[in-house]
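Engineer: Sequence:
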Amino acid sequence: MVTQKLNISEESHMSECNCKGQGNPNCKKWPSETKTRMVKISKIREEFSGNKTFFMDERMDFEPGQFAMVWLPGVDEKPIALIPWGKKFAVNIEGKGNSTKKMIEQKEGDKLGIRGPYGKPFTVNGIKKAVIVAGGVGIDSIVMLAQRLFESKCKTKIILGGRNKERIVFEKELKKFGEVLVATDDGSYGEKGFNVQILERLLSKGKFDLVYACGPEMMTVKALEICIKHKQAFEGSLERYMKCGIGICGECVIDDKLVCRDGPVFSGTELRNFKELGKQAYLKSGKRVSLKEYYEWREE
Numbered sequence: 001m002v003t004q005k006l007n008i009s010e011e012s013h014m015s016e017c018n019c020k021g022q023g024n025p026n027c028k029k030w031p032s033e034t035k036t037r038m039v040k041i042s043k044i045r046e047e048f049s050g051n052k053t054f055f056m057d058e059r060m061d062f063e064p065g066q067f068a069m070v071w072l073p074g075v076d077e078k079p080i081a082l083i084p085w086g087k088k089f090a091v092n093i094e095g096k097g098n099s100t101k102k103m104i105e106q107k108e109g110d111k112l113g114i115r116g117p118y119g120k121p122f123t124v125n126g127i128k129k130a131v132i133v134a135g136g137v138g139i140d141s142i143v144m145l146a147q148r149l150f151e152s153k154c155k156t157k158i159i160l161g162g163r164n165k166e167r168i169v170f171e172k173e174l175k176k177f178g179e180v181l182v183a184t185d186d187g188s189y190g191e192k193g194f195n196v197q198i199l200e201r202l203l204s205k206g207k208f209d210l211v212y213a214c215g216p217e218m219m220t221v222k223a224l225e226i227c228i229k230h231k232q233a234f235e236g237s238l239e240r241y242m243k244c245g246i247g248i249c250g251e252c253v254i255d256d257k258l259v260c261r262d263g264p265v266f267s268g269t270e271l272r273n274f275k276e277l278g279k280q281a282y283l284k285s286g287k288r289v290s291l292k293e294y295y296e297w298r299e300e
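My numbering applies: residue 1 is where the sequence shown begins, and numbers increase by one.
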């Protein structure tokens, strides 16, 4: 696995203060972006059963596509997409595993640890005509992207996909920033089928400066294939099991890249050259498995 060292080693830092960058605001040796700060939850909105958005009482400057490590003391830390909320931010959490199920039990006034922002963002500068394709938990990642494109006068079409109507989240917010098109697996809302079908139709009518994708990996793979077919510029965001978020642990590797450091956003050229894309990923144990097995594990 590939790893990246910070300017100071974890070992030497640990021998001096043992804070690990976890919640000690007085530590001056560890890089500031690796320090966890405890942030109060101002408001909670349930999107659907087991899925909540937590509006946090602190300002954070971040770029479209970046994420933060969200920590529940005594439980675990998870990478979560950042969502703009005025001058502050929000995080959307779906309770799947033990850690995230405990996270969504938090109440207004409770605190979550926030570390970040991290990751390579989406390209926005110079884009005047764009399509965003998002599905599932990837929808929360594109709210900031849609907002930034709108602010830069870009004409944007936003294609959302989900299993059913209740899983089409943040539609109200996204409608402020562009034309929203929807597809659901069961046809309960919008077009019946997959969001990439809508992308295929749009690209058959003309080109865009850039197509963005964020969602389940097979959705991203299909969107990439469609863009290659139409010779269309593309960027996609990937998801892998992530432990540190800063390129040290090497858990989120895909081929010779780290999703936390070299991504999560990759160009179409980078994506099409990944041998593991759409095929393999790593479990928490480090075992390499099929993408199907990986997603089954993530659902546990």
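The set of hints was computed from the structure by calculation and includes no laboratory data.
A quick note: this is a predicted structure, and the numbers were derived from the prediction, not measured.
Just so it is clear, CB atoms sit at the ideal spot from N, CA and C, and this is done for glycine as well.
Just to be clear, a hint being listed does not mean it is correct.
Derived CB-CB ranges, DEER-like [claimed, not checked]: (1) VAL75 <-> LYS153: 18 to 28 angstroms; (2) LYS229 <-> LYS129: 45 to 55 angstroms; (3) VAL75 <-> SER204: 42 to 52 angstroms; (4) LYS88 <-> SER290: 16 to 26 angstroms; (5) ASP256 <-> GLU296: 34 to 44 angstroms; (6) GLN197 <-> GLU171: 16 to 26 angstroms; (7) LYS40 <-> LYS101: 18 to 28 angstroms; (8) LYS101 <-> LYS153: 17 to 27 angstroms; (9) GLY97 <-> PHE150: 26 to 36 angstroms; (10) ASP256 <-> LYS287: 10 to 20 angstroms.
Engineer: Each hint: holds or not?
Structural biologist: Checked hints:
1. VAL75 <-> LYS153: 18 to 28 angstroms: 43 angstroms, violated
2. LYS229 <-> LYS129: 45 to 55 angstroms: The hinted range 45 to 55 angstroms is violated for LYS229 and LYS129, with Cβ atoms some 19 angstroms apart.
3. VAL75 <-> SER204: 42 to 52 angstroms: 47 angstroms, holds
4. LYS88 <-> SER290: 16 to 26 angstroms: 40 angstroms Cβ-Cβ, so the 16 to 26 angstroms window is violated.
5. ASP256 <-> GLU296: 34 to 44 angstroms: Taking Cβ atoms as reference, ASP256 and GLU296 lie about 26 angstroms apart, which means the hint is violated.
6. GLN197 <-> GLU171: 16 to 26 angstroms: 18 angstroms, holds
7. LYS40 <-> LYS101: 18 to 28 angstroms: The hint (18 to 28 angstroms, Cβ to Cβ) holds, given that LYS40 and LYS101 are roughly 21 angstroms apart.
8. LYS101 <-> LYS153: 17 to 27 angstroms: The hint (17 to 27 angstroms, Cβ to Cβ) is violated, given that LYS101 and LYS153 are roughly 42 angstroms apart.
9. GLY97 <-> PHE150: 26 to 36 angstroms: Since the Cβ atoms of GLY97 and PHE150 sit about 34 angstroms apart, the hinted range of 26 to 36 angstroms holds.
10. ASP256 <-> LYS287: 10 to 20 angstroms: The hinted range 10 to 20 angstroms holds for ASP256 and LYS287, with Cβ atoms some 19 angstroms apart.
The structure is inconsistent with the numbered hints 1, 2, 4, 5, 8, although it conforms to all the rest.
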